[in-house]
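Trainee: Quick mapping for you: the protein sequence lines, in order, are chains D and Y.
72 is the number that my numbering gives to position 72 of the first sequence; each next residue is one higher, with no gaps.
Every position in the second sequence, counted from 1, becomes a number in my numbering once 1000 is added.
It is possible that some hints are incorrect.
Pairwise CB distance ranges, derived in the manner of DEER restraints [what the hints assert, rightly or not]:
1. Y/Asp1066 to D/Lys100: 29 to 39 Å
2. D/Tyr79 to Y/Leu1110: 14 to 24 Å
3. Y/Gly1131 to D/Gly92: 18 to 28 Å
4. D/His23 to Y/Asp1035: 38 to 48 Å
5. D/Leu101 to Y/Lys1095: 42 to 52 Å
6. Y/Asp1035 to D/Thr29: 29 to 39 Å
7. D/Leu101 to Y/Asp1108: 21 to 31 Å
In case anyone wonders, no lab produced these hints; they're calculated from the structure.
Computed from a predicted structure; not experimentally measured.
Cβ coordinates follow ideal geometry from the N, Cα and C atoms, glycine included.
Read off the chains here:
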Amino acid sequence: MDIDKVFKALADPTRRRLLDQLHRDNGQTVTALSEHMDMTRQAVTQHLQLLEDANLVAIVWQGREKLHYLNPVPLHDIYVRWIEKFERGRLGALRTLKKKLEGDDDEKT
Amino acid sequence: MKKPDYVYVTYIATTPEKVWRALVDTDVTRQYWVDPKAGSAHVNVSDWKPGSRWEHQRTDDAGTVDIVGKVVESTPPRRLVITWARPSEADDDAKHSRVAFDIEPYGDGLIRLTVTHDDLDPQMLAGISGGWPIVLSNLKTFLETGRSL
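Sequences and hints are given; from them, build the entire structure.
Mentor: Right, here's the structure in full:
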C-alpha cells in the first residue's frame, strides 16, 4: 500500500472527522455518516473513497448496505515507523501535560 | 446477518498459500504472533478441521492457553473461520466471538487479507482492538522479508 495515500488522506480535517466518527461507532453507512457532517452526501462519499483507497476505511457489504469500518492497520504502520521509536514514554507525558493545559483537543481539527 | 464489530485489512506481497500456512502452521505462527509490549509470543495449535478445537498458547514452558475456540470453516487457501473465547468460558457457546480470515489475490503479486471479528463483549473488544493491528503488521513484515519478530 502506498504510504503517500495514507498521509494525503489524513491531511484533511473532514476526513479526520470521518475517521473519528467511525472510531466512535464503527460500521456506518454513508447516510449515517452524512448526518454528522456539514456537507452533501456526495461530498462525504468522495472523502470516503479517498479513505478507502488509502486502506484507512474497509468496506463490508451487508445486503445492499455498504458499511464503512475504520481500518487502523496503516495507522499502526505509521506509529511503528515514525512514533514508537521516538521515546514513546516522554511523548506520552508531554501529551498529557498539553491536554491538561488545553483541555481535550483530539477532535478539534 | 449481524454487522461485524471490527474489520482489519492489510495488503501483503505474497501468495495466498503462504498466508494460509502462516495462519495454520504452529511453527510459523510463532514467528509473528508476538506482542513486544507484553514481551510474549503465542502459537496457534489445531488440526484446523471444521469442528476441531484450536488453542492460542503462550510459548513459555508451561504453554499456558490464553484463548480457545472451535474451527467453523476451513477452506485453504481462501477462508478460515474460528470462534474465540476465554478458556474459562470455552463450554459456553454464547461467550464465543467469531473471527474470519479472508485471503484474496489482489493482482501485482499482492494478496488482500481481511480479518473480521464479531460478537465481542466489551472487555474482549478492548483487548483485541490493540492486538490485531500489531499481529497483522508483524505478519506482513514476516511474509515480505522473512524476518521473524
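Trainee: Quick one: are Y/Asp1035 and D/Thr29 within 29 to 39 Å, going by C-beta?
Mentor: Holds - the Cβ-Cβ distance for Y/Asp1035 and D/Thr29, about 34 Å, lies within 29 to 39 Å.
Trainee: Okay, D/Leu101 versus Y/Lys1095 on CB: inside 42 to 52 Å?
Mentor: Since the Cβ atoms of D/Leu101 and Y/Lys1095 sit about 43 Å apart, the hinted range of 42 to 52 Å holds.
Trainee: Can you tell me whether the CB distance of D/Tyr79 to Y/Leu1110 sits inside 14 to 24 Å?
Mentor: This hint holds: roughly 22 Å between Cβ atoms.
Trainee: Are Y/Gly1131 and D/Gly92 spaced within 18 to 28 Å by their CB atoms?
Mentor: The hint (18 to 28 Å, Cβ to Cβ) holds, given that Y/Gly1131 and D/Gly92 are roughly 20 Å apart.
Trainee: Starting from the range 21 to 31 Å, see whether the pair D/Leu101 and Y/Asp1108 falls in it by beta-carbon distance.
Mentor: The hint (21 to 31 Å, Cβ to Cβ) is violated, given that D/Leu101 and Y/Asp1108 are roughly 48 Å apart.
Trainee: So the hint says 38 to 48 Å: do the beta-carbon atoms of D/His23 and Y/Asp1035 match that?
Mentor: With Cβ atoms ~22 Å apart, the hint is violated.
Trainee: Check the following: the C-beta atoms of Y/Asp1066 and D/Lys100 are separated by a distance inside 29 to 39 Å.
Mentor: holds (36 Å)
Of the numbered hints given earlier, the model fails hints 4 and 7; all others are met.
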